[in-house]
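> Protein chains in written order, with my numbering: chain L, 1 to 163; chain B, 1001 to 1800.
The set of hints was computed from the structure by calculation and includes no laboratory data.
Using N, Cα and C, we set each Cβ at its ideal position, and we do this for glycine too.
Check before you lean on any hint, since a few could be wrong.
Stretch-level coverage of chain L by chain B, calculated; a stretch enters the list once three of its residues show a Cβ under 8 angstroms from a Cβ in chain B [to be verified]:
1. 1-13
2. 24-34
3. 43-57
4. 63-71
5. 74-82
6. 120-134
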Amino acid sequence: MQVTMTVNGTEYTREIEGRMLLVHFLRDVLSLTGTHWGCDTSNCGVCVVWLDGEPVKSCTVLAAMAGGHEVRTVEGLANGAELDPIQEGFRQCHGLQCGFCTPGMLMTCRALLDKNPDPTEGEIREAISGQICRCTGYSSIIRSVRWAAVHESDAKEAEVAQA
Amino acid sequence: MTTVHEPSQAKITEFEDNDQKPVGFGRMLRKEDARLLRGRGRFVDDVQLPGMLHLAILRSPFAHATIVSIDTSAAEASPGVKAVVTGETLKGLGLAWMPTLSNDVQAVLATDKVRFQGQEVAFVVAEDRYKARDALELIDVEYDVLDPVVDVRKALEPDAPIIRTDLEGKTNNHVFDWETGDEAETDAVFARADVIVKEDIVYPRVHPAPMETCGSVADFDPVEGKLKLWSTTQAPHAHRTLYAIVAGLPEHKIQVIAPDIGGGFGNKVPIYPGYVLSIVGSIVTGKPVKWMEDRSENLISTGFARDYIMRAEIAATAEGKILGIRTNVLADHGAFNGTAAPVKYPAGFFGVFTGSYDLEAAHCKMTAVYTNKAPGGVAYACSFRITEAVYLVERIVDALAYELAMDPAELRLKNFIQPEQFPYATKTGWVYDSGDYEPTMRLAMEMAGYDELRKEQAEKRARGELMGIGISFFTEAVGAGPRKDMDILGLGMADGCELRIHPTGKAVVRLSVKTQGQGHETTFAQIIAEELGIPPDDIDVVHGDTDNTPFGLGTYGSRSTPVSGAAAALVARKVRDKAKLIASAMLEVSVADIDWVKGSFQVKGDPGKAVTIQEIAFKAHGAGDLPEGIEGGLEAQICYNPSNLTYPHGAYICVVDIDPGTAEVKVRRFIAVDDCGTRINPMIIEGQVHGGLTDGVGMALMEMISFDEDGNCLGASLMDYLIPTALEVPDWETGFTVTPSPHHPIGAKGIGESATVGSPPAIVNAVVDALKPFGIRHADMPLTPSRVWDAMRGQATPPI
């Protein structure tokens, strides 16, 4: 079957099998290997991408279901050389070690900050509770999200002050 | 000895000091993060080669069964299938069996019978992952099911089915007997003890379950006769040598590449049949072949951890002076002995079970057995079985405190090895290089507010609330190891390091070890920077590629910093020695008249007259004469053989609350004070500790790989094998003391596994402490609500 979807702002049309998972479509067909695969059972969350702005686990979404929709992956976070504040937060606060869960974590945390620019520790824990990180013990991820929240809010205040 | 309190990261609201840009040791942001944050890491499954095929493995549904026949004809006819291979084919090639890293053999594909559920039986190579999986369904295997050996206690009974019928003359399921310490001396101190406490303690089977499963891409070039293998390996060089032995390929024609690795924790130390099968697949089809296991395959067939049943006894005086410890252990090694421990140490480093205490005698007897379960044993950040040893001693010391009605902190403080006793020879033959335990313990107690916590507990107990405070104090033994004692399959556990300074003063350092998230690209640049004064950003760290790095045994058992880190420091000093000769010529003074001030050589008494390491590098490569006898270039290579292990230590305090209505355990606080000697990058060290503490919560409260009576694995997915999320763990509180290793060039000790080793006993001790009103002295992990509920009702049972 043919599927057409927009990924990180670019439209792609490809011939695929109906059973193909979105995670495999992104990785094997489009060679966007930033999104990872980790469990099959929607427990680990390393495959989280956005589908029309909502984080989804791409190992349990058929590529066909994403047809006609907009997908955003970790490759679509940075603005050229400039990291998104959530990426910079992870860098500043050691929010990653092996980096395997990181793309999924980044997508979930970016979505959290878009809805809730000033999340508490508890809200951040809740938001990432569908995802597993085996390396960091989560404290540094929480701190990374807080870093992004604080710096985005500072940047907005600066913009307002300038205006 | 310096004692420093380091507050928890997550509580800091000032972010400005994140990157201190050190030229050497200090907090520095990681070099590897740039690619990993952008989705530009390159993991094994990201490798895509032209014409690449995909391999899938058919695994046994039974724990123990004879293979009667295999019919692959339907699978071969399935669309897109390029090859279907069974054990019989491998037998013809002499590849049906391979050596394990523990001098046993393991079936690559089963030929005679299957010995655990999930064992490899056949494989398919097809055009894509889906077609390969489709064809697996079409392979028809007829099994004759045999009785499985699931209960390790029954494995040595006379009528137990024999698992390893492949081993000639094998008439039982015995792997090895092992003993350490002095039995007679230990019996003697037990005979004169006032108090003896005995507990049966189980450390259940758990699994490292790194987020990236295991896999490989094999690309065999028949013209060049060269094999390139991208593989999820923590030990690329050791693997290459083993492939040379197994596959009969010459070693110089094998290149093992470990690209970015998505967590290891020991799971990626052994050689798995899948790696070998991808090589066979590439040779058979003439194409690159990728094998990537799924999560169930990872959990049911790759290196598990623990599975020790331990009887522990401790002897003490009425005043609480510990006299001796003895233990009897039954070790479940699964169907093949694949523990990957140094050859002379079949039980790994379990011999350090005397812990941090000055004892008069100790003795351990161990029996290891085969069962119809997956092979493995040394994994999950265990420091070669020190996890089991520390759990044993820290649990039984707490049981002693219970019997003596003594505070567990006080009992530990009373029995610590004293600073002046180091180097300290234990009763089981280990020589602890250094330690200063009391300040570490006191700092943890101060950070916890220990006395106030005890007061709070007393008040809560009076109200019927269940609050527990658990302590664990551990001594680790990491950095294997001295080659006179330690080898894996005859390969000495040394590590090479190569350093080249380019003409412009930038550098490349090549390592034999391989990060799986520990941040080697940053830490090793910092070590070179500290020694040579070249900024870390000017130093490229190359690792994980056997064609481009010197030989060495790889990253596991927290050995990277103790062994390879020492090699990096020493290779830099070798470069500095040569640079000094060139500098003396450049400055036209004798070698004796110049001093090294980080980054440059200066004339004594005239600091204005100096040459930088960068200027020396250009001179070394440049025009004009060099001093007589000095070759051009500025580079060096060494192979470091450690004289001893390094012995980090730590004091952990855990506070739990248990809901009396649901028996759910909540870890409210966790205070971890670690001493890993000299600290290279505090940020990375803290990250290592946080990760290990989270493992501890998993093992103590959630994780267990269990089996039913037929040998079916009951932890075969992440729905059944529970790993902590952000909701199960507290905000970690960390601190540190610094007791440098006297024999390590920079005084550093390994930190990678300290927290995984030290945290489970602290958590279990806290839970048992909370349950004290029920008269409970011990309960086994995992302390799930149902198991705690049973314990509260006096019905605690071992998990296996």
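> Each of the hints needs a verdict: does it hold here or not?
Results of checking the hints against the structure:
1. 1-13: violated (count 0)
2. 24-34: Coverage by chain B holds for the stretch 24-34 of chain L (7 residues, Cβ < 8 angstroms).
3. 43-57: It holds, with 3 qualifying residues against the three required.
4. 63-71: Since three or more residues must qualify, the claim that chain B covers the stretch 63-71 of chain L is violated, with 0 doing so at under 8 angstroms.
5. 74-82: holds (count 4)
6. 120-134: holds (count 11)
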